[in-house]
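Q: Here is what each chain is made of, one letter per residue.
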Amino acid sequence: MKSDFPLFPEQASTVAGSVDTLYITLVVVTGAVSLLIWIAVFYFAIKYRRRPDNELAQEIEPPMALELAWTIIPGIIFIGIFVWGAWVFFRIQRPPDNALEVYATGRQWMWKFQHATGQREINTLHVPVNRPVKITMASEDVVHSLWFPSFRVKRDVLPSRYATMWFQATKTGQFHIFCAEYCGTEHSKMIGSVIVMDPREYQQWLAGGPEGSLASQGERVFQKFACNTCHTGDATARGPVLAGLYGKQVMLTSGNVVVADENYIRESILNPQAKIASGFQAIMPTFQGQVSEEDLLKLLAYLKSLTPPQPQSRPLAPESPASLIQSRGARATSPATASPVNQGNQP
Amino acid sequence: MTSQTLHDVRFSEPPRTRNYLNVDYGVFSWLLTRDHKRIGILYLISVTTMFFVGGFFAFMMRLELLTPEGDLLTSDTYNKFFTLHGIVMIFFFLIPAIPGALGNFILPIMLGAKDLAFPRINLLSWYLYTIGAIFGVYVIVTGGVDTGWTFYTPFSTQYSNTKVFATTLGAFITGFSSILTGLNFIVTTHRMRAPGLTWFRLPLFVWSMYATSVIIMLATPVLAITLVLLMVERTLGVGIFDPTIGGDPVLYQHLFWFYSHPAVYIMILPAMAVISECVAAFTRKRVFGYTFVAYSSLAIAFLSFLVWAHHLFVAGISLYSAMIFSFASMLVAVPSAIKIFNWTATMYHASVSWQTPMLYVMGFIGLFTIGGVTGLFLGALGIDVHVHDTYFVVSHFHYIMVGGTVMAYLAGIHYWWPKITGRMYPEWWARLSALLVFVGFNLTFFPQFIVGYVGMPRRYHAYAPEFQVLNVLSTAGATVLAVGYLLPMIYLIWSLFYGRKAGSNPWGAVGLEWATTSPPPLENFHETPVVTWEAYDYPAFLKAMRETQHV
Chain A
1 MKSDFPLFPE QASTVAGSVD TLYITLVVVT GAVSLLIWIA VFYFAIKYRR
51 RPDNELAQEI EPPMALELAW TIIPGIIFIG IFVWGAWVFF RIQRPPDNAL
101 EVYATGRQWM WKFQHATGQR EINTLHVPVN RPVKITMASE DVVHSLWFPS
151 FRVKRDVLPS RYATMWFQAT KTGQFHIFCA EYCGTEHSKM IGSVIVMDPR
201 EYQQWLAGGP EGSLASQGER VFQKFACNTC HTGDATARGP VLAGLYGKQV
251 MLTSGNVVVA DENYIRESIL NPQAKIASGF QAIMPTFQGQ VSEEDLLKLL
301 AYLKSLTPPQ PQSRPLAPES PASLIQSRGA RATSPATASP VNQGNQP
Chain B
1 MTSQTLHDVR FSEPPRTRNY LNVDYGVFSW LLTRDHKRIG ILYLISVTTM
51 FFVGGFFAFM MRLELLTPEG DLLTSDTYNK FFTLHGIVMI FFFLIPAIPG
101 ALGNFILPIM LGAKDLAFPR INLLSWYLYT IGAIFGVYVI VTGGVDTGWT
151 FYTPFSTQYS NTKVFATTLG AFITGFSSIL TGLNFIVTTH RMRAPGLTWF
201 RLPLFVWSMY ATSVIIMLAT PVLAITLVLL MVERTLGVGI FDPTIGGDPV
251 LYQHLFWFYS HPAVYIMILP AMAVISECVA AFTRKRVFGY TFVAYSSLAI
301 AFLSFLVWAH HLFVAGISLY SAMIFSFASM LVAVPSAIKI FNWTATMYHA
351 SVSWQTPMLY VMGFIGLFTI GGVTGLFLGA LGIDVHVHDT YFVVSHFHYI
401 MVGGTVMAYL AGIHYWWPKI TGRMYPEWWA RLSALLVFVG FNLTFFPQFI
451 VGYVGMPRRY HAYAPEFQVL NVLSTAGATV LAVGYLLPMI YLIWSLFYGR
501 KAGSNPWGAV GLEWATTSPP PLENFHETPV VTWEAYDYPA FLKAMRETQH
551 V
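As you go down the protein sequences, you meet chains A and B in turn.
Using the numbering used here, the first residue of the first sequence is number 1, and each one after it goes up by one.
Using the numbering used here, the first residue of the second sequence is number 1, and each one after it goes up by one.
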């Protein structure tokens with residue numbers, strides 16, 4: 001099936017076609033211009049080769065119009081390439097809202113994937129066809145880079161920071177996963193396969209989830225580290241209420257307002273002193289070095305799964321900062337009901 | 001009377017006197033020399049040695065990649081080889097090669113000066129280079145280094161257990177040798193031009209070297225700072241780049257590329273300098289669009305500082321900063337395009353000689369054009385996401401660095417060889433090696449564009465079987481290329497003893513360096529030249545030549 005002399009990887013995602021179209025256009029345009037230059041060089045080199053009657057070159061005053069033409073015209077073409085490239089880039093970078101969430105951890109030298117339903121995989125990733133998939137990922141050690149050549153998407157995986165990427169596979173089958181950023185001895189072994197499945201088969205595959213959903217695993221981590229002693233879910237507790245926190249704006253004691261995204265939550269666990277939510281004491285200990293990357297992702301899934309009982313109850317009011325993150329009476333609802341795991345499974 | 005006419009300067013053959021080579025033969029007359037020409041020779045020997053050291057690592061990598069399995073070298077050895085290949089070639093060959101060897105030798109002569117402004121500093125720069133290179137060799141013989149030439153953190157500071165410290169210290173020291181050379185060139189160009197040699201009468205070589213020196217002076221200190229920070233974190237554990245101790249790994253990438261992208265132009269602008277000279281000499285014409293070519297060098301120097309983050313498009317910079325850096329990367333391509341068009345146009349209605357340096361020039365135009373346009377692919381954000389860190393990138397920068405800089409280096413070596421040594425190289429062998437280099441180069445690197453787009457990541461010791469055919473082609477090309485590079489070593493050394501004696505001006509070229517004897521006297525000129533003509537004033541020169549022939 002695979003040719004010995006391939007020119008393109010398989011086109012297996014929604015963006016692959018637009019990347020290839022731009023690539024082919026550039027090959028044609030720049031190839032044509034390069035060909036013209038080479039033809040000119042060879043034509044001149046032969047036609048005006050040095051002969052006894054040709055010892056003297058003819059001096060030609062360069063016309064300004066010509067100089068300006070070959071300054072401005074390439075400039076315009078290059079800017080056109082920039083605009084087209086940026087347009088494709090926006091498509092590659094912006095995930096749709098309804099994407100299926102998958103979590104990934106890179107480490108020397110393997111890829112670990114966690115699904116919302118609780119499945120864990122190493123160097124293999126199962127995804128459904130024709131459905132956007134968003135991967136939130138971090139590295140446990142050095143910089144890695146997750147690359148799906150057939151999907152034409154790649155993103156560096158950084159230590160201690162979440163990066164996201166997304167794709168929507170358009171073809172079932174098995175495709176390469178490569179680590180693209182050099183990461184040490186077995187860098188070239190940090191490879192795997194993405195298996196794009198028919199939705200029905202994907203459902204069956206999901207049904208084999210052994211350990212409960214990722215969110216429920218996250219709840220166990222939450223209890224294991226005794227987070228619930230302070231984050232009781234009570235507005236008057238020592239720790240802020242976490243239900244509905246994800247994606248909201250948080251007023252800090254410094255007066256700044258930040259969005260509680262993945263990196264904020266991560267920082268608040270590992271380095272809680274960095275940003276203190278307004279109205280609270282800086283008493284939380286650091287969990288740096290105690291929570292593994294995988295457990296962090298579980299906690300993240302758990303926190304995302306907690307829904308506040310009164311969603312959008314109030315507009316954001318900077319003058320009452322506590323209200324930004326506290327909603328009275330919110331409690332950590334049971335993962336069985338709050339888990340988002342099943343919303344990803346609709347075909 | 002120091003004033004001379006154009007005719008005198010170009011055609012008088014002064015009585016045979018002592019030249020810079022036979023003035024003294026002692027070892028210390030070389031090691032303690034302050035003569036820019038001898039320092040140029042010291043650089044020539046050092047960088048050529050390092051070129052073959054770096055080439056050895058490249059060739060071993062190509063042999064390993066003949067098969068998909070990692071069977072010839074272990075993973076660690078392979079990783080060390082590509083790291084050492086990059087470090088040796090970039091820090092110890094490409095950056096110092098043309099400025100150190102050819103620039104040191106030719107630039108003061110082109111300016112009609114007796115030496116560079118600071119001869120002792122010039123010697124110091126060679127010693128710094130040598131000390132840096134000794135660190136490099138120390139690393140090679142004591143186990144190597146495996147970080148890649150980019151030293152990305154936190155791998156280099158916390159995870160690699162190879163000789164990172166010694167390597168970065170070597171690169172740090174060598175950086176100062178660049179800075180001193182740049183300083184010398186800038187001051188010499190400002191202060192030591194011959195009477196009458198105005199800025200717009202300067203050969204384009206000088207303009208391009210001047211632009212290079214500006215980049216060296218402004219960018220290299222940033223590399224020095226970055227490497228010091230890296231060494232501090234690695235040895236003292238101060239958190240700068242490692243996030244587990246409070247650092248930021250992406251900060252390192254920004255700092256590193258703030259030097260290393262301009263460094264690409266430190267490597268290619270001197271190549272453009274040589275090409276401009278050779279195009280004029282072998283077409284017997286003033287370079288078409290002289291002012292545009294001169295200013296394009298300065299434009300490159302300026303824009304080269306505004307594009308560094310195009311190496312970070314998938315590292316997590318924001319959408320909008322990615323757009324700004326993509327846009328700036330497109331702009332920096334314009335001045336290079338201007339140069340290519342003007343060199344090509346110079347050949348129109350010219351008197352084109354097919355001697356070896358011109359063959360290299362034609363090769364350069366062909367290869368640098370491919371290298372340049374594939375840079376547009378990488379600057380286009382949507383494509384970069386796919387091809388970043390693949391063989392497409394590897395091929396792109398080899399088309400610039402090898403297809404561009406090494407071709408130009410060889411063009412320059414052949415062009416100025418008669419001036420440097422007083423001897424002609426054997427033309428037939430030289431043409432053959434130029435052809436081998438061109439064919440071997442394309443066979444080595446063109447398949448890498450394809451294999452990169454198809455999906456082969458760079459720095460892979462073992463790879464998927466579907467990439468094999470293209471890799472076999474590439475390795476075959478590397479073999480041809482190796483022969484092409486070894487041949488000049490043999491016939492150039494041969495020519496030192498048996499080569500035909502070159503007169504002052506074997507090419508019939510215009511330029512102050514051709515107005516003095518070959519090899520030049522210690523003080524370069526027997527009388528200080530007074531320049532009354534424009535750069536590349538071939539009509540006047542050829543008219544004068546005819547007159548002397550007919551009289």
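Among the hints, a few may not be true.
Claimed, not checked - Pair ranges (Cβ atoms, derived):
#	chain 1	residue 1	chain 2	residue 2	range
1	B	Phe-200	A	Ala-69	40 to 50 Å
2	A	Gln-174	B	Gln-468	48 to 58 Å
3	B	Pro-221	A	Ala-40	49 to 59 Å
4	A	Ala-32	B	Ile-245	28 to 38 Å
5	B	Leu-236	A	Gln-288	46 to 56 Å
6	B	Leu-236	A	Arg-94	33 to 43 Å
7	B	Glu-69	A	Ala-237	55 to 65 Å
8	B	Ala-544	A	Thr-21	19 to 29 Å
9	B	Pro-221	A	Ala-69	18 to 28 Å
10	B	Ile-490	A	Val-33	54 to 64 Å
11	A	Ala-69	B	Leu-32	52 to 62 Å
12	A	Asp-97	B	Gly-246	51 to 61 Å
Don't read these hints as lab results, they were simulated from the structure.
If you're wondering where the values come from, they're calculated on a predicted model, not measured in any experiment.
Even glycine gets a Cβ: it sits at the ideal position worked out from N, Cα and C.
Q: Now, for every hint given, state plainly whether the structure supports it.
A: So, going through the hints one by one against the coordinates:
no., hint, verdict
1, B:Phe-200 x A:Ala-69: 40 to 50 Å, "violated, 23 Å"
2, A:Gln-174 x B:Gln-468: 48 to 58 Å, "violated, 19 Å"
3, B:Pro-221 x A:Ala-40: 49 to 59 Å, "violated, 41 Å"
4, A:Ala-32 x B:Ile-245: 28 to 38 Å, "violated, 53 Å"
5, B:Leu-236 x A:Gln-288: 46 to 56 Å, "violated, 20 Å"
6, B:Leu-236 x A:Arg-94: 33 to 43 Å, "holds, 42 Å"
7, B:Glu-69 x A:Ala-237: 55 to 65 Å, "holds, 59 Å"
8, B:Ala-544 x A:Thr-21: 19 to 29 Å, "violated, 58 Å"
9, B:Pro-221 x A:Ala-69: 18 to 28 Å, "violated, 39 Å"
10, B:Ile-490 x A:Val-33: 54 to 64 Å, "violated, 38 Å"
11, A:Ala-69 x B:Leu-32: 52 to 62 Å, "holds, 54 Å"
12, A:Asp-97 x B:Gly-246: 51 to 61 Å, "violated, 34 Å"
This entry does not satisfy hints 1, 2, 3, 4, 5, 8, 9, 10, 12, going by the numbered hints stated previously.
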